[in-house]
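S.K.: Here is how the chains run, residue by residue.
Protein chains: 2
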Amino acid sequence: MTEIEVPESHPRYQSLLTRHRIEAGIERGITSQQGLIAEGRGEAFDYLLGERTIPSADDAARAAAALLLLAERPVLSVNGNVAALVPEATLDLAVAVDADVEVNLFNRTDERMRAIAAHLRAHGADEADVPIRGLEADARIPGLDHERGKVDAHGIGAADVVLVPLEDGDRAEALAAMGKSEVVIDLNPLSRSARSAAVPIVDNVVRAVPNVTAHARELSGAPRADLEAILRAFDADDALSTAEDAIRSGELA
Amino acid sequence: MTEIEVPESHPRYQSLLTRHRIEAGIERGITSQQGLIAEGRGEAFDYLLGERTIPSADDAARAAAALLLLAERPVLSVNGNVAALVPEATLDLAVAVDADVEVNLFNRTDERMRAIAAHLRAHGADEADVPIRGLEADARIPGLDHERGKVDAHGIGAADVVLVPLEDGDRAEALAAMGKSEVVIDLNPLSRSARSAAVPIVDNVVRAVPNVTAHARELSGAPRADLEAILRAFDADDALSTAEDAIRSGELA
Chain A
7 MTEIEVPESH PRYQSLLTRH RIEAGIERGI TSQQGLIAEG RGEAFDYLLG ERTIPSADDA
67 ARAAAALLLL AERPVLSVNG NVAALVPEAT LDLAVAVDAD VEVNLFNRTD ERMRAIAAHL
127 RAHGADEADV PIRGLEADAR IPGLDHERGK VDAHGIGAAD VVLVPLEDGD RAEALAAMGK
187 SEVVIDLNPL SRSARSAAVP IVDNVVRAVP NVTAHARELS GAPRADLEAI LRAFDADDAL
247 STAEDAIRSG ELA
Chain B
7 MTEIEVPESH PRYQSLLTRH RIEAGIERGI TSQQGLIAEG RGEAFDYLLG ERTIPSADDA
67 ARAAAALLLL AERPVLSVNG NVAALVPEAT LDLAVAVDAD VEVNLFNRTD ERMRAIAAHL
127 RAHGADEADV PIRGLEADAR IPGLDHERGK VDAHGIGAAD VVLVPLEDGD RAEALAAMGK
187 SEVVIDLNPL SRSARSAAVP IVDNVVRAVP NVTAHARELS GAPRADLEAI LRAFDADDAL
247 STAEDAIRSG ELA
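Read top to bottom, the protein sequences are chains A and B.
For the working numbering, add 6 to where a residue sits in the first sequence, where the first one is 1.
For the working numbering, add 6 to where a residue sits in the second sequence, where the first one is 1.
Note that these hints are calculated values from the structure, not bench results.
Heads up, a few of these hints could be off.
Stated by the list, open to error - Have a look at the derived ranges for each label pair, beta carbon to beta carbon:
1. A:Glu78 <-> B:His26: 42 to 48 Å
2. A:Glu11 <-> B:Arg223: 47 to 53 Å
3. A:Ser255 <-> B:His16: 50 to 56 Å
4. A:Arg127 <-> B:Ala183: 47 to 53 Å
Claimed, not checked - Which residues of chain B face chain A? A partial, calculated answer using Cβ under 8 Å:
5. Val12
6. Glu14
7. Glu29
8. Ala30
9. Arg47
Ideal placement from N, C-alpha and C gives every residue a C-beta, glycine not left out.
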């Protein structure tokens, strides 16, 4: 059952598993070359953070769960690295907050779109009854060029809340400009993606997605007023500056 | 003549050119998947440094030039990313300090070895009369497994000073344990590679290699006593802690 020949107790288990999944993603035609470079950037920031979920990121994950549960039409956006790294965890979250999943690529090709949709189905999307959108791409995000702006009219096009883990800055800003409430997962607290989010989670996607799901399950029976109170208590700017402090003051080695 | 359709005055010119060269390196069979991830890690640290050569890195580059000029048998070690990013600059440095170049890969395959040697020749190695070593691999670095430890007996095997830009930590430590004086170029000031170096240069290889060459040209006529004085004045621990401070106090965005 283990994907890599390293015990879970190994101090580098998570990063070795992450690396393995990204490389397997390349072999499957899921992860792009840009995705590998992005993975490296994430590794460096995660190293500076101490490869842990800092308390403010846990608060952000809870606020994200509240926002997704309050949404009328939540959509989880999946790109190549997300599909490679957290296929099951993304489907678990979709079930927990009753969201659709939309494949949404910065470098869109039909082959990668199909490979990613197939990968999500291989991880149980149909059994979990989670719709995989994105292949249609019959709507556009205003302000982005043609290929970059493609979305599903009944997915991200119609969504009120979108989870965009590891999103490109231009697209995160364009989605915010459309009036979407965004949850962004990004290890760089001052990236444009993180700064355009209603709820930025400065954490590794491998830790953050299951953490949002855990909070969503815990909050699933809560009254809307309680969810709204959690959201009101969350301050995105505070979360970003606390994460920046953690990166600056953490142990480098 | 320009490799990318972006003017040199563009604020992101250097990083766009770097990205382009790394991707072209993949197409040519020079850069590995691990190399792409390493490039991303470097981008994140360089971003934190402000994508500039800090004064302590310039001092380190000068000390590196002195060390290479003082060496009996200096060798410049070249891996996939170095070949993709700075082929000409590496040959210029080899000429300036009268060093051999040795191709030395963490993930060694005959195909990549040959592709890198051919790439260096395409950039003028023969015209510059710089020997390209590494294909022989008739000696071993003690303490490393067979493939990882291969070196040329008349290259790194016999060298007293080795420049290892972007080197893996295990190998940098093993070379230091053999008594080689190492110049390491690494953007992470607390990596094992940087810490095992006699002269660590915390800078982007794209800026650092030409900078060492410029110092070497300036120092080429200097008496040995002057070169030795430059080396004595250089403190590796200071250089690393100054770089760490720059990363922590720099502007994140």
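S.K.: Each hint should be assessed against the structure and marked as holding or not.
M.R.: Okay, the hints, checked on the actual structure:
1. A:Glu78 <-> B:His26: 42 to 48 Å: holds (43 Å)
2. A:Glu11 <-> B:Arg223: 47 to 53 Å: Once the Cβ atoms are compared, 49 Å apart, the range 47 to 53 Å for Arg223 of chain B and Glu11 of chain A holds.
3. A:Ser255 <-> B:His16: 50 to 56 Å: violated (34 Å)
4. A:Arg127 <-> B:Ala183: 47 to 53 Å: holds (51 Å)
5. Val12: violated (16 Å)
6. Glu14: At 22 Å from the nearest chain A Cβ, Glu14 of chain B fails the 8 Å test, so the hint is violated.
7. Glu29: The hint holds - Glu29 of chain B has a Cβ within 8 Å of chain A, the shortest such distance being about 6 Å.
8. Ala30: Since the shortest Cβ distance to chain A is 11 Å, the answer is violated.
9. Arg47: OK, holds: Arg47 of chain B within 8 Å of chain A, min 4 Å.
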